[in-house]
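Chain by chain, the residues:
Number of protein chains: 2
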Amino acid sequence: MNSQQVSCETGPSASDFLIASKDSELKNLQYFLQMGKVVQCISNLVHALQCERGASNVFLGSDGGKFSEERQTMVSRSDRLNEEFNQALGDIHQELTCHPVSPTLLNQMAAALHALDGLSGLRQGVSAREITAVDATGHYCQLIQSLISVVFEAADVAVDPTIAGPLVAMVHLMNGKEFCGQERAVGSAGFSSGHFDSALSERMVHLIESQERCFEVFTSFADEDSIRLWHQLLANPREQEIHRLRQLGVSIGRYKPLDPSLADEWFRLMSERMDDLKTVEDSVEGCFHARCTERFAEARNSLAHQETLIASLDARTTASQPMLVLCDSGKDQPSGESWASDGVGQHFGRSIFHLVQEQTQRLKDMNDELQGAREALEDRKTQEKAVLFLMEHRGISNDEAHRVLRRLAMDQGRKLPDVARALLSMADVLK
Amino acid sequence: MNSQQVSCETGPSASDFLIASKDSELKNLQYFLQMGKVVQCISNLVHALQCERGASNVFLGSDGGKFSEERQTMVSRSDRLNEEFNQALGDIHQELTCHPVSPTLLNQMAAALHALDGLSGLRQGVSAREITAVDATGHYCQLIQSLISVVFEAADVAVDPTIAGPLVAMVHLMNGKEFCGQERAVGSAGFSSGHFDSALSERMVHLIESQERCFEVFTSFADEDSIRLWHQLLANPREQEIHRLRQLGVSIGRYKPLDPSLADEWFRLMSERMDDLKTVEDSVEGCFHARCTERFAEARNSLAHQETLIASLDARTTASQPMLVLCDSGKDQPSGESWASDGVGQHFGRSIFHLVQEQTQRLKDMNDELQGAREALEDRKTQEKAVLFLMEHRGISNDEAHRVLRRLAMDQGRKLPDVARALLSMADVLK
Numbered sequence: 001m002n003s004q005q006v007s008c009e010t011g012p013s014a015s016d017f018l019i020a021s022k023d024s025e026l027k028n029l030q031y032f033l034q035m036g037k038v039v040q041c042i043s044n045l046v047h048a049l050q051c052e053r054g055a056s057n058v059f060l061g062s063d064g065g066k067f068s069e070e071r072q073t074m075v076s077r078s079d080r081l082n083e084e085f086n087q088a089l090g091d092i093h094q095e096l097t098c099h100p101v102s103p104t105l106l107n108q109m110a111a112a113l114h115a116l117d118g119l120s121g122l123r124q125g126v127s128a129r130e131i132t133a134v135d136a137t138g139h140y141c142q143l144i145q146s147l148i149s150v151v152f153e154a155a156d157v158a159v160d161p162t163i164a165g166p167l168v169a170m171v172h173l174m175n176g177k178e179f180c181g182q183e184r185a186v187g188s189a190g191f192s193s194g195h196f197d198s199a200l201s202e203r204m205v206h207l208i209e210s211q212e213r214c215f216e217v218f219t220s221f222a223d224e225d226s227i228r229l230w231h232q233l234l235a236n237p238r239e240q241e242i243h244r245l246r247q248l249g250v251s252i253g254r255y256k257p258l259d260p261s262l263a264d265e266w267f268r269l270m271s272e273r274m275d276d277l278k279t280v281e282d283s284v285e286g287c288f289h290a291r292c293t294e295r296f297a298e299a300r301n302s303l304a305h306q307e308t309l310i311a312s313l314d315a316r317t318t319a320s321q322p323m324l325v326l327c328d329s330g331k332d333q334p335s336g337e338s339w340a341s342d343g344v345g346q347h348f349g350r351s352i353f354h355l356v357q358e359q360t361q362r363l364k365d366m367n368d369e370l371q372g373a374r375e376a377l378e379d380r381k382t383q384e385k386a387v388l389f390l391m392e393h394r395g396i397s398n399d400e401a402h403r404v405l406r407r408l409a410m411d412q413g414r415k416l417p418d419v420a421r422a423l424l425s426m427a428d429v430l431k
Numbered sequence: 001m002n003s004q005q006v007s008c009e010t011g012p013s014a015s016d017f018l019i020a021s022k023d024s025e026l027k028n029l030q031y032f033l034q035m036g037k038v039v040q041c042i043s044n045l046v047h048a049l050q051c052e053r054g055a056s057n058v059f060l061g062s063d064g065g066k067f068s069e070e071r072q073t074m075v076s077r078s079d080r081l082n083e084e085f086n087q088a089l090g091d092i093h094q095e096l097t098c099h100p101v102s103p104t105l106l107n108q109m110a111a112a113l114h115a116l117d118g119l120s121g122l123r124q125g126v127s128a129r130e131i132t133a134v135d136a137t138g139h140y141c142q143l144i145q146s147l148i149s150v151v152f153e154a155a156d157v158a159v160d161p162t163i164a165g166p167l168v169a170m171v172h173l174m175n176g177k178e179f180c181g182q183e184r185a186v187g188s189a190g191f192s193s194g195h196f197d198s199a200l201s202e203r204m205v206h207l208i209e210s211q212e213r214c215f216e217v218f219t220s221f222a223d224e225d226s227i228r229l230w231h232q233l234l235a236n237p238r239e240q241e242i243h244r245l246r247q248l249g250v251s252i253g254r255y256k257p258l259d260p261s262l263a264d265e266w267f268r269l270m271s272e273r274m275d276d277l278k279t280v281e282d283s284v285e286g287c288f289h290a291r292c293t294e295r296f297a298e299a300r301n302s303l304a305h306q307e308t309l310i311a312s313l314d315a316r317t318t319a320s321q322p323m324l325v326l327c328d329s330g331k332d333q334p335s336g337e338s339w340a341s342d343g344v345g346q347h348f349g350r351s352i353f354h355l356v357q358e359q360t361q362r363l364k365d366m367n368d369e370l371q372g373a374r375e376a377l378e379d380r381k382t383q384e385k386a387v388l389f390l391m392e393h394r395g396i397s398n399d400e401a402h403r404v405l406r407r408l409a410m411d412q413g414r415k416l417p418d419v420a421r422a423l424l425s426m427a428d429v430l431k
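Line by line, the protein sequences are chains A and B.
Its first residue numbered 1, the first sequence is counted upward by one per residue in my numbering.
Its first residue numbered 1, the second sequence is counted upward by one per residue in my numbering.
Some hints here could point you the wrong way.
[As the list claims (entries may be wrong)] In the DSSO-like style, the derived pairs of lysine-lysine whose C-alpha atoms are separated by at most 30 Å in a straight line are:
{"id": "1", "chain 1": "B", "residue 1": "Lys381", "chain 2": "A", "residue 2": "Lys385"}
{"id": "2", "chain 1": "A", "residue 1": "Lys385", "chain 2": "B", "residue 2": "Lys27"}
{"id": "3", "chain 1": "B", "residue 1": "Lys415", "chain 2": "A", "residue 2": "Lys27"}
{"id": "4", "chain 1": "A", "residue 1": "Lys364", "chain 2": "B", "residue 2": "Lys415"}
{"id": "5", "chain 1": "B", "residue 1": "Lys381", "chain 2": "A", "residue 2": "Lys415"}
{"id": "6", "chain 1": "A", "residue 1": "Lys415", "chain 2": "A", "residue 2": "Lys278"}
{"id": "7", "chain 1": "B", "residue 1": "Lys37", "chain 2": "A", "residue 2": "Lys385"}
{"id": "8", "chain 1": "B", "residue 1": "Lys364", "chain 2": "A", "residue 2": "Lys364"}
{"id": "9", "chain 1": "A", "residue 1": "Lys381", "chain 2": "B", "residue 2": "Lys381"}
{"id": "10", "chain 1": "B", "residue 1": "Lys27", "chain 2": "A", "residue 2": "Lys381"}
{"id": "11", "chain 1": "B", "residue 1": "Lys385", "chain 2": "A", "residue 2": "Lys364"}
{"id": "12", "chain 1": "B", "residue 1": "Lys381", "chain 2": "A", "residue 2": "Lys364"}
{"id": "13", "chain 1": "B", "residue 1": "Lys37", "chain 2": "B", "residue 2": "Lys27"}
{"id": "14", "chain 1": "B", "residue 1": "Lys364", "chain 2": "A", "residue 2": "Lys415"}
{"id": "15", "chain 1": "B", "residue 1": "Lys278", "chain 2": "A", "residue 2": "Lys415"}
{"id": "16", "chain 1": "B", "residue 1": "Lys385", "chain 2": "A", "residue 2": "Lys415"}
{"id": "17", "chain 1": "B", "residue 1": "Lys415", "chain 2": "A", "residue 2": "Lys385"}
{"id": "18", "chain 1": "A", "residue 1": "Lys27", "chain 2": "B", "residue 2": "Lys27"}
{"id": "19", "chain 1": "B", "residue 1": "Lys415", "chain 2": "B", "residue 2": "Lys385"}
{"id": "20", "chain 1": "A", "residue 1": "Lys381", "chain 2": "B", "residue 2": "Lys415"}
{"id": "21", "chain 1": "B", "residue 1": "Lys37", "chain 2": "A", "residue 2": "Lys27"}
{"id": "22", "chain 1": "B", "residue 1": "Lys385", "chain 2": "A", "residue 2": "Lys381"}
{"id": "23", "chain 1": "A", "residue 1": "Lys66", "chain 2": "A", "residue 2": "Lys27"}
Note that these hints are calculated values from the structure, not bench results.
Note that this is a predicted model, so its numbers are computed, not measured.
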């Protein structure tokens with residue numbers, strides 16, 4: 001009978017790996033607690049850069065006549081927030097790079113930092129008025145996009161649904177707000193020149209629609225408090241005013257001149273809207289932080305509890321017979337079967353079995369819950385891929401590609417991500 | 001102009017994160033190099049346990065008359081391979097648990113180790129003939145499944161397509177081989193009793209079909225050498241013989257008695273088949289190891305190369321003006337734009353820019369390539385979920401649930417994973 005004894009002395013035991021599994025969850029949460037600080041800094045910095053972009057636009061559009069002072073104030077604020085961002089990165093650099101979460105997230109961080117390195121040059125160009133408003137806007141847009149992409153990648157690696165949800169809400173809110181900022185710039189260009197040509201009008205339509213879709217996803221993942229703030233924003237009388245001006249921008253023909261004084265009103269209204277959106281962002285960020293802290297405390301307690309439990313089980317059964325309790329890996333029968341030759345050690349076996357099974361079930365439930373967040377991000381990626389494919393395939397602009405996709409979805413009565421997926425599935429035969 | 005200078009001294013730089021991104025890839029590969037050893041041990045141990053299960057079945061089926069010696073030999077071999085598995089785990093325990101890859105993988109490891117703890121009890125039951133052949137088989141199956149699931153979870157966390165592919169091939173081959181082992185047991189039961197009742201026949205059909213589907217996925221992910229071995233296996237005259245016996249098992253009515261001496265032939269043929277499948281497994285394992293080593297060396301060289309490059313760029317441009325090169329995050333224009341106030345530092349900017357962009361493109365390509373492997377695993381998970389749903393919803397067995405799904409797919413002329421997905425999408429309204 002001796003040869004039938006399985007030697008388990010040489011390697012780590014089931015309980016070692018159970019503890020390691022819990023511990024790995026804990027490390028992930030810790031990582032996101034720290035990522036939260038970075039996300040907050042990015043949200044602040046992006047807002048400051050959006051203000052700086054707006055002021056730079058007015059400055060360049062007025063040939064340096066307007067907003068010279070304001071712009072300097074905003075530049076200083078961006079610098080201060082960039083400093084904070086750098087400090088936050090310095091604080092967690094060790095953690096971010098030692099815990100090798102995702103090469104993609106780290107590389108996106110590199111891209112964002114590199115884009116920030118170009119900021120002084122851009123500002124010099126603006127100060128010296130050596131760059132057009134359109135080009136300056138383009139550069140600011142890319143810089144801001146590279147920062148938002150960091151949050152996107154962070155959401156993409158989150159494995160805990162309670163924290164992935166707020167991150168998905170956050171990144172869609174940030175994207176929506178950025179479309180709003182771009183709409184402000186497009187509207188300003190139209191109103192101040194006294195007319196919208198069809199390109200400007202179309203771009204405005206694109207930005208309005210893109211914004212709305214982002215906010216839709218935001219509302220399906222945001223917490224109640226943030227959604228309440230969002231509804232308050234929508235109920236603000238300012239939104240009616242914005243709607244009225246938007247109508248002028250998207251419907252008026254190029255031959256009907258507009259009152260150029262509308263430009264100031266438009267800029268003011270849209271800037272207020274963006275400040276309000278920032279308040280919603282802060283609320284989402286607060287919720288994200290609260291959930292991380294909560295889940296972290298929970299996970300730490302659960303780990304400590306299990307360690308105590310396992311230690312006491314180990315102590316009780318050190319010398320007992322090995323016995324048979326087979327774990328159900330979720331593959332076959334819905335519940336685990338057990339077969340024990342006698343009562344000795346049964347308690348130990350059952351308990352470890354239950355702990356492992358409990359963890360299996362928890363991880364499975366979490367994964368199912370995560371599905372929604374994953375799909376939202378996947379949808380975004382698919383659409384971006386479809387847009388890139390159309391741009392390359394037909395040599396059209398980003399806006400046009402978006403329009404083609406939207407028209408396709410409308411014509412077929414299908415959702416945008418479905419149309420994008422269908423298109424990509426045919427990409428190979430279309431090339 | 002001073003206030004426009006972005007201070008970047010406080011935090012880590014773009015190159016720090018670029019290096020971190022490369023380094024994170026390297027750590028991932030190192031992890032899989034070590035996981036490879038565990039996968040190899042699991043493949044060996046599973047094969048030994050399958051042999052042990054077969055021998056135990058014959059032993060119990062012959063009331064202890066046959067295979068008593070053989071069984072002891074196989075038990076000793078399993079013990080030796082279990083020992084090796086434990087040693088391998090001991091060697092890499094540190095790495096496995098410090099690099100917090102996936103709580104699910106670690107928990108599955110706990111489940112497998114716990115199942116192994118029950119092996120002695122099971123063997124005692126078999127030796128004393130206190131357990132039926134059917135029950136013993138059931139316990140061995142669950143144990144083996146829990147070990148294969150570890151490989152599945154490992155494949156699920158692989159982010160490098162060159163190593164995810166072989167792992168997907170591996171886990172499907174292992175699963176197919178396990179279905180083959182179960183078919184051997186079912187056939188043995190039928191032939192030795194001289195007839196197949198309809199339950200036995202249906203189970204045999206299920207196992208044959210499941211095997212074939214696994215091998216299909218295997219062939220779409222395996223390397224050429226392994227596929228060649230697989231074709232050699234199929235061309236072996238033994239396969240004709242197996243086919244003939246299978247036909248007897250699945251088509252003969254319960255009233256037509258079979259020659260019980262066929263049992264020995266069946267057992268021998270199927271055991272040979274499994275040994276051949278193990279040879280294919282070894283080849284896949286070899287390919288996996290070779291790819292890991294290759295990719296690891298590649299990644300290490302690339303990291304070293306970039307570090308040198310970045311250091312030389314840093315040295316050349318320490319005192320230069322900051323300038324503007326914006327990174328394209330893949331969001332808008334297909335190529336990055338750059339705008340530099342003058343030539344100073346342009347080389348530096350361009351180079352870091354290109355390095356980051358190169359890494360972005362590489363990670364994107366890798367991710368696209370990974371898609372196929374991900375989908376194969378996702379398909380499997382979806383089918384298992386659909387089967388579990390049917391089992392719970394209609395109170396039917398695992399086999400029946402599989403049959404229902406297959407019939408549905410056949411009737412609708414759709415693929416099994418699609419039918420499973422469609423079913424799950426309706427699960428909420430069916431509950």
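To see whether the hints hold, each was checked on the structure:
A threshold of 30 Å between alpha carbons decides the hint, and for Lys381 of chain B with Lys385 of chain A the separation of about 26 Å falls inside it, so the pair holds. A hinted pair counts as satisfied when its Cα atoms are at most 30 Å apart, and Lys385 of chain A with Lys27 of chain B qualifies at roughly 29 Å. Between Lys415 of chain B and Lys27 of chain A the CA atoms are separated by roughly 40 Å; this puts the pair beyond 30 Å, and the hint is violated. Between the alpha carbons of Lys364 of chain A and Lys415 of chain B the distance comes to roughly 25 Å, so the proposed pair stays at or under 30 Å and holds.
With a C-alpha separation of about 25 Å, the suggested pairing of Lys381 of chain B with Lys415 of chain A holds against the 30 Å cut-off. Between Lys415 of chain A and Lys278 of chain A the alpha-carbon distance is near 29 Å, which keeps this suggested pair within the 30 Å criterion. With a CA separation close to 37 Å, the supplied pair Lys37 of chain B and Lys385 of chain A exceeds the 30 Å bound. Between Lys364 of chain B and Lys364 of chain A the alpha-carbon distance is near 28 Å, which keeps this suggested pair within the 30 Å criterion.
With a CA separation close to 22 Å, the supplied pair Lys381 of chain A and Lys381 of chain B stays within the 30 Å bound. Straight-line distance between C-alpha atoms of Lys27 of chain B and Lys381 of chain A comes to about 26 Å, which keeps the hinted pair within the 30 Å bound. For the suggested pair Lys385 of chain B and Lys364 of chain A, the alpha carbons sit about 11 Å apart, so the restraint of at most 30 Å is met. Restraint check: the Cα-Cα separation between Lys381 of chain B and Lys364 of chain A comes to about 11 Å, which is no more than 30 Å; the hinted pair holds.
Between Lys37 of chain B and Lys27 of chain B, the direct Cα distance comes to roughly 16 Å. Compliance with the 30 Å bound is thereby established for this hinted pair. Note on Lys364 of chain B and Lys415 of chain A: the hinted pairing holds, with a Cα-Cα distance of about 25 Å set against a maximum of 30 Å. Distance check on the hinted pair: Lys278 of chain B and Lys415 of chain A sit about 47 Å apart at the alpha-carbon level, beyond 30 Å; violated. A hinted pair counts as satisfied when its Cα atoms are at most 30 Å apart, and Lys385 of chain B with Lys415 of chain A qualifies at roughly 26 Å.
Between Lys415 of chain B and Lys385 of chain A, the direct Cα distance comes to roughly 26 Å. Compliance with the 30 Å bound is thereby established for this hinted pair. Annotation: proposed proximity of Lys27 of chain A to Lys27 of chain B holds, straight-line Cα distance about 17 Å (limit 30 Å). In summary, the hint linking Lys415 of chain B to Lys385 of chain B is supported, as the alpha carbons are separated by about 16 Å, within the 30 Å threshold. Under the criterion of a C-alpha separation no larger than 30 Å, the hint pairing Lys381 of chain A with Lys415 of chain B is consistent with the structure, at around 25 Å.
Distance restraint check for Lys37 of chain B and Lys27 of chain A: the Cα-Cα separation of roughly 25 Å lies within the 30 Å cut-off, and the hinted pair is therefore satisfied. Among the hinted pairs, Lys385 of chain B with Lys381 of chain A is consistent with the structure: their alpha-carbon atoms are about 26 Å apart, no more than 30 Å. For the hint pairing Lys66 of chain A with Lys27 of chain A, the CA-to-CA distance comes to about 51 Å; that exceeds 30 Å, so the pair is violated.
The structure fails hints 3, 7, 15 and 23 (numbered hints given earlier, in ascending order).
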